Amino acid sequence: MPEISGFSFPNDVHVTWSLMIVMYPYITGFVAGSFIVTSLYHLFGRQEFKPVARLAMATSFAFLLIASLPLQLHLGQPQRGPSVMITPHFTSAMAGFGILYSFYLVILVLEVWFVWRQEIIERAKRSRGVVRAFYAVLALGTYDQSPEAVEIDHRAIQILAGIGLPAACMLHGYVGFIFGAIKANPWWSTPLMPVIFLLSAAVSGIALLVILYQVFARLGRRPVVPSAMSALASALWFFLILTITLELLELIVMAYERSESWLIISELITTRLEFSYVTVQMIVGGLIPFILLAVVVLMNRYLHERVRNTLSTVAALLCLLQVFSMRWNIVIGGQLLSKSLRGLRSPYEPEVFGREGVLMAIALMIAPFVILWAFDRVLGIEEGEGEPEDASPSEGGGAASHAPNA
Amino acid sequence: MEHARHVLRVAFVLIVVLAAVFLTRGLLVPKSYGLYGPFRYDNVQEQMNVRAPAYAGAVACGECHATEFGKREKGSHKTVNCEVCHAPLSFHVKGDGTVVPAPVDRSFTLCARCHRKILGRPAKFPQVVLEQHVPGPVEGKVCLECHDPHSPKL
Amino acid sequence: MDAKRDTSAASSPGSPCSSGTAGDGATRREFLGGALRLTGGAVVVLMGATVAEANEKGGEAKGEAYNWEEHLYAYLIDTSKCIGCGSCVRACKNENQVPDGFYRTWIERYVVGMEETHVDSPDGGLNGFPPIQSGFVATKSFFVPKMCNHCRKTPSTQVCPVGASYRTKDGAILVDGDRCIGCGYCVQACPFGSRFLHPATHTASKCTWCYHRITKGMKPACVAVCPTGTRQFGDLKQENDPVRLAIEHDRVGILQGHLLTEPQCYYLNLDKEVR
Numbered sequence: 002m003p004e005i006s007g008f009s010f011p012n013d014v015h016v017t018w019s020l021m022i023v024m025y026p027y028i029t030g031f032v033a034g035s036f037i038v039t040s041l042y043h044l045f046g047r048q049e050f051k052p053v054a055r056l057a058m059a060t061s062f063a064f065l066l067i068a069s070l071p072l073q074l075h076l077g078q079p080q081r082g083p084s085v086m087i088t089p090h091f092t093s094a095m096a097g098f099g100i101l102y103s104f105y106l107v108i109l110v111l112e113v114w115f116v117w118r119q120e121i122i123e124r125a126k127r128s129r130g131v132v133r134a135f136y137a138v139l140a141l142g143t144y145d146q147s148p149e150a151v152e153i154d155h156r157a158i159q160i161l162a163g164i165g166l167p168a169a170c171m172l173h174g175y176v177g178f179i180f181g182a183i184k185a186n187p188w189w190s191t192p193l194m195p196v197i198f199l200l201s202a203a204v205s206g207i208a209l210l211v212i213l214y215q216v217f218a219r220l221g222r223r224p225v226v227p228s229a230m231s232a233l234a235s236a237l238w239f240f241l242i243l244t245i246t247l248e249l250l251e252l253i254v255m256a257y258e259r260s261e262s263w264l265i266i267s268e269l270i271t272t273r274l275e276f277s278y279v280t281v282q283m284i285v286g287g288l289i290p291f292i293l294l295a296v297v298v299l300m301n302r303y304l305h306e307r308v309r310n311t312l313s314t315v316a317a318l319l320c321l322l323q324v325f326s327m328r329w330n331i332v333i334g335g336q337l338l339s340k341s342l343r344g345l346r347s348p349y350e351p352e353v354f355g356r357e358g359v360l361m362a363i364a365l366m367i368a369p370f371v372i373l374w375a376f377d378r379v380l381g382i383e384e385g386e387g388e389p390e391d392a393s394p395s396e397g398g399g400a401a402s403h404a405p406n407a
Numbered sequence: 002m003e004h005a006r007h008v009l010r011v012a013f014v015l016i017v018v019l020a021a022v023f024l025t026r027g028l029l030v031p032k033s034y035g036l037y038g039p040f041r042y043d044n045v046q047e048q049m050n051v052r053a054p055a056y057a058g059a060v061a062c063g064e065c066h067a068t069e070f071g072k073r074e075k076g077s078h079k080t081v082n083c084e085v086c087h088a089p090l091s092f093h094v095k096g097d098g099t100v101v102p103a104p105v106d107r108s109f110t111l112c113a114r115c116h117r118k119i120l121g122r123p124a125k126f127p128q129v130v131l132e133q134h135v136p137g138p139v140e141g142k143v144c145l146e147c148h149d150p151h152s153p154k155l
Numbered sequence: 196m197d198a199k200r201d202t203s204a205a206s207s208p209g210s211p212c213s214s215g216t217a218g219d220g221a222t223r224r225e226f227l228g229g230a231l232r233l234t235g236g237a238v239v240v241l242m243g244a245t246v247a248e249a250n251e252k253g254g255e256a257k258g259e260a261y262n263w264e265e266h267l268y269a270y271l272i273d274t275s276k277c278i279g280c281g282s283c284v285r286a287c288k289n290e291n292q293v294p295d296g297f298y299r300t301w302i303e304r305y306v307v308g309m310e311e312t313h314v315d316s317p318d319g320g321l322n323g324f325p326p327i328q329s330g331f332v333a334t335k336s337f338f339v340p341k342m343c344n345h346c347r348k349t350p351s352t353q354v355c356p357v358g359a360s361y362r363t364k365d366g367a368i369l370v371d372g373d374r375c376i377g378c379g380y381c382v383q384a385c386p387f388g389s390r391f392l393h394p395a396t397h398t399a400s401k402c403t404w405c406y407h408r409i410t411k412g413m414k415p416a417c418v419a420v421c422p423t424g425t426r427q428f429g430d431l432k433q434e435n436d437p438v439r440l441a442i443e444h445d446r447v448g449i450l451q452g453h454l455l456t457e458p459q460c461y462y463l464n465l466d467k468e469v470r
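Chains V, P and H, in that order, are what the protein sequence lines are. Sequential numbering of the first sequence, starting at 2, is according to the working numbering. Sequential numbering of the second sequence, starting at 2, is according to the working numbering. Sequential numbering of the third sequence, starting at 196, is according to the working numbering.
In short, the hints are calculated from the structure, not lab data. Bear in mind the structure is a predicted one, so any value in this text is a computation, not a measurement. Mixed in with the good hints there might be a few duds.
Derived coverage of chain P by chain H (criterion: at least 3 residues anywhere in the stretch with Cβ under 8 Å from a Cβ of chain H; other residues may be distant) [what the hints assert, rightly or not]: (1) 55-66; (2) 83-89; (3) 97-105; (4) 109-119.
Calculated pairs, PhoX-like style, for lysine-lysine (alpha carbon to alpha carbon, straight line, at most 25 Å) [as the list claims (entries may be wrong)]: (5) H:Lys348 x H:Lys432; (6) P:Lys125 x H:Lys335; (7) P:Lys154 x P:Lys79; (8) H:Lys335 x H:Lys348; (9) H:Lys276 x P:Lys75; (10) P:Lys32 x P:Lys79; (11) H:Lys432 x P:Lys125; (12) H:Lys276 x H:Lys335; (13) P:Lys75 x P:Lys125; (14) V:Lys184 x H:Lys348; (15) H:Lys348 x P:Lys125; (16) H:Lys276 x H:Lys348; (17) H:Lys348 x P:Lys79; (18) P:Lys118 x H:Lys414; (19) P:Lys154 x H:Lys276; (20) P:Lys79 x H:Lys414; (21) H:Lys364 x P:Lys32; (22) H:Lys276 x H:Lys414; (23) H:Lys414 x P:Lys95; (24) P:Lys118 x P:Lys79; (25) P:Lys75 x H:Lys467; (26) P:Lys72 x P:Lys32; (27) H:Lys432 x P:Lys95; (28) V:Lys184 x H:Lys467; (29) P:Lys154 x P:Lys125; (30) H:Lys432 x H:Lys411; (31) P:Lys154 x P:Lys142; (32) P:Lys154 x P:Lys72; (33) H:Lys335 x P:Lys118.
Glycine included, C-beta positions come from ideal geometry on N, C-alpha and C.
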């Protein structure tokens, strides 16, 4: 039984939205954030992101495949989950999930198909038997590799990226809307919520790519392109500044206005959320990476590559922690306070085993990387790599001469 | 256009998938959904008949227990439903008519729940501090020793 | 390569025989157009069939004994009369098989001083209230029964993603236990803390104004047992209904009015400390 300080409404003492609901925006944040990075190249033509672009798209795809799992695991009646698609009630943002998710899934699958089409055709040509049939189906039976077809592919990729970017943003933005539009809960109810969610999604996506890019490069024995790392670090710093600023401003406005809910919210922050909000989210996850990235960006010219990469990686890890704690503080924090505005319950401790437990959350975080590895085996993330006969992923990176087209 | 063949194929696959989704959805929507709003109208009937009412009211009790009912009508507990102190009718008389004994709590606790003096009760409501209510020691005393629960005012 | 292309083209439904020549473009276009028209038509027909059947059903329901168009319910609570006996909470629990630790209705006690207020609700008031020491000088104290307010513009049905929670024409907010997916969004959206996820069915549950009783002309169980007349239930569509008259002519309050949910539980003698 949770302990209550003050007075909570008798039904208000349960944390209905558990760790799984913290994981869900975390994962869709990676989907949106990675897609923003790949769009910086495919849509906005920023050449410095080219080395990361394909990895970012594959990452977005891998996380997207997992994105609906935390929700399914959380439902009281998971077998009725598809009802959201069958009888969606469109005044509910959650009903939007089915449509937005499917729409974005289609866009991303199409974009992945167009970007990797040449690889699919190459592999279809190179293999035999069942594997060949598999690639042939993937290629939809066309093997057109002429320059005109490739040009059409480019146009398609651009159009899809143009549609995909708002779709990815909507897919994550609506999650912020789900919280921001609940007038019953003063910790959640603010028009800033979708914006903050989206910006912190960008932070998490870019931070993940800072780390993944280096890992993949090391595994494939490829050099880490310095300009790509600088570009990622700058983007990370930019979005981190925006996110922290908005999160702080929201709090400052609440404190200044001192309306009905401020008394219990200030108690929430200073007692139940002191460690996760003040220490982790703001200082360890906010201030420190801000300083580290400021050094990386402002002193770009003077830093040795190793130093820059290390600082960026440390900052990225802290940013990942920051975004997770931000999700935790909003989802769980909002349920620790009662709608009576007079009571707080004891902190939520997620179960370890069980459908919504810690182990499940860890499994959900590992799963996209498994998918990413499989993606690399089947399609090869970097261009011109990964012969199917090889046992290890993305072997043969030595002679990586990139084709002039994307 | 010849080089766009693969695009057309993709479009075709997409249209087939979408059509399949819509058709399946159409088959799965419950029949009474959307009649009067975004809900399953059949549920209204289901809720109306979700269970047989448990509480029946004092008049129903009076049909068999006329004496107590009569006493209550003339006393200060006439606004107190029998089922407040005794069990609801459905606990006592089952659906098929069988009667199950429904014992009542005869201890101090039952009466105290309404009549013990605590913060919150309106001042005009009859409430007592037990220690000041009876002369002598309080231990083991039961309200029913002096008060008839069906017409309690002395 | 060519053979492969032809087989795949021939195996798709309704496709005219195509031989991979330059005339392909036209045939493909025609085919696509035909396929689209066919699919669209099928979708329309199916949707139309569903609606037609639904309309039939609607006609049937109208002719039944209880007509929800004839009623519009409202609830009135006079906090100056409540003695905090908890009979209502017990009655609700018996009538609706409410699980332990969850409440479809509950009572709150307010002990108010000039500087401080103490609020408690031991087990929702199920077994009445114990005596307490407030620790400060209490100038007034009272009980406030609470339950689902069956708001006219409720956010709780607005956020239901599958349309499992809805408002009936006679003003009750209900939850379709067979459609609810247990997402908990309505529980978060209710400003009054009236909803909970049932521990056994894992679906949303709350006060229904005893819909199975009121549609038979009875009162909700809580109203039926209230010994002091604190709780009253009425029908705004009946002339001379006492609840309707009180709402129309007396000074009534509602909970959290600034949220504009239009609650249908009206309070007499509501204190500013009550949220």
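Now for the hints, and whether the structure bears them out:
Counting residues of the region 55-66 of chain P whose CB lies closer than 8 Å to any CB of chain H gives 3, so the stated coverage by that chain holds, three being the minimum. Evaluation of the coverage hint for the region 83-89 of chain P: fulfilled, as 4 residues show C-beta separations to chain H shorter than 8 Å, against a requirement of three. Judged by the Cβ-Cβ criterion of 8 Å, the region 97-105 of chain P is not covered by chain H as claimed, because only 0 of its residues qualify and three are needed. Counting residues of the region 109-119 of chain P whose CB falls under 8 Å from any CB of chain H gives 6; the rule of at least 3 is met.
Distance restraint check for H:Lys348 and H:Lys432: the Cα-Cα separation of roughly 19 Å lies within the 25 Å cut-off, and the hinted pair is therefore satisfied. At most 25 Å may separate the alpha-carbon atoms for a hinted pair to count; P:Lys125 and H:Lys335 meet this at roughly 14 Å. The straight-line distance between the Cα atoms of P:Lys154 and P:Lys79 is roughly 11 Å, inside the 25 Å bound, and the hint therefore holds. Between H:Lys335 and H:Lys348, the direct Cα distance comes to roughly 33 Å. Violation of the 25 Å bound is thereby established for this hinted pair.
Taking the CA atoms of H:Lys276 and P:Lys75, the gap is near 22 Å; set against the 25 Å cutoff, the hint holds. A threshold of 25 Å between alpha carbons decides the hint, and for P:Lys32 with P:Lys79 the separation of about 49 Å lies outside it, so the pair is violated. Restraint check: the Cα-Cα separation between H:Lys432 and P:Lys125 comes to about 34 Å, which exceeds 25 Å; the hinted pair is violated. In summary, the hint linking H:Lys276 to H:Lys335 is supported, as the alpha carbons are separated by about 14 Å, within the 25 Å threshold.
Distance hint between P:Lys75 and P:Lys125 is fulfilled; the C-alpha atoms sit about 20 Å from each other, no more than 25 Å. Taking the CA atoms of V:Lys184 and H:Lys348, the gap is near 13 Å; set against the 25 Å cutoff, the hint holds. This hinted pair does not check out: H:Lys348 and P:Lys125 have alpha carbons roughly 38 Å apart, beyond 25 Å. With a C-alpha separation of about 29 Å, the suggested pair H:Lys276 and H:Lys348 falls outside the 25 Å cut-off, and the hint is violated.
Among the hinted pairs, H:Lys348 with P:Lys79 is inconsistent with the structure: their alpha-carbon atoms are about 39 Å apart, more than 25 Å. Straight-line distance between C-alpha atoms of P:Lys118 and H:Lys414 comes to about 30 Å, which puts the hinted pair past the 25 Å bound. Between P:Lys154 and H:Lys276 the alpha-carbon distance is near 20 Å, which keeps this suggested pair within the 25 Å criterion. Distance check on the hinted pair: P:Lys79 and H:Lys414 sit about 18 Å apart at the alpha-carbon level, within 25 Å; holds.
Proximity of H:Lys364 to P:Lys32 is assessed by CA-CA distance (about 19 Å); at most 25 Å being required, the pair is judged to hold. A distance of roughly 19 Å separates the Cα atoms of H:Lys276 and H:Lys414; the hinted pair therefore holds under the 25 Å criterion. The suggested pairing of H:Lys414 with P:Lys95 holds, with an alpha-carbon distance near 21 Å, which does not exceed 25 Å. Straight-line distance between C-alpha atoms of P:Lys118 and P:Lys79 comes to about 21 Å, which keeps the hinted pair within the 25 Å bound.
A threshold of 25 Å between alpha carbons decides the hint, and for P:Lys75 with H:Lys467 the separation of about 39 Å lies outside it, so the pair is violated. Distance restraint check for P:Lys72 and P:Lys32: the Cα-Cα separation of roughly 54 Å exceeds the 25 Å cut-off, and the hinted pair is therefore not satisfied. With a C-alpha separation of about 35 Å, the suggested pair H:Lys432 and P:Lys95 falls outside the 25 Å cut-off, and the hint is violated. Between V:Lys184 and H:Lys467 the alpha-carbon distance is near 20 Å, which keeps this suggested pair within the 25 Å criterion.
About 15 Å separates the Cα atoms of P:Lys154 and P:Lys125, which keeps this hinted pair within 25 Å; it holds. For the hint pairing H:Lys432 with H:Lys411, the CA-to-CA distance comes to about 16 Å; that is within 25 Å, so the pair holds. Annotation: proposed proximity of P:Lys154 to P:Lys142 holds, straight-line Cα distance about 18 Å (limit 25 Å). For the hint pairing P:Lys154 with P:Lys72, the CA-to-CA distance comes to about 12 Å; that is within 25 Å, so the pair holds.
With a C-alpha separation of about 14 Å, the suggested pairing of H:Lys335 with P:Lys118 holds against the 25 Å cut-off.
Hint compliance for this structure: hints 3, 8, 10, 11, 15, 16, 17, 18, 25, 26, 27 are not met, and every other hint is.
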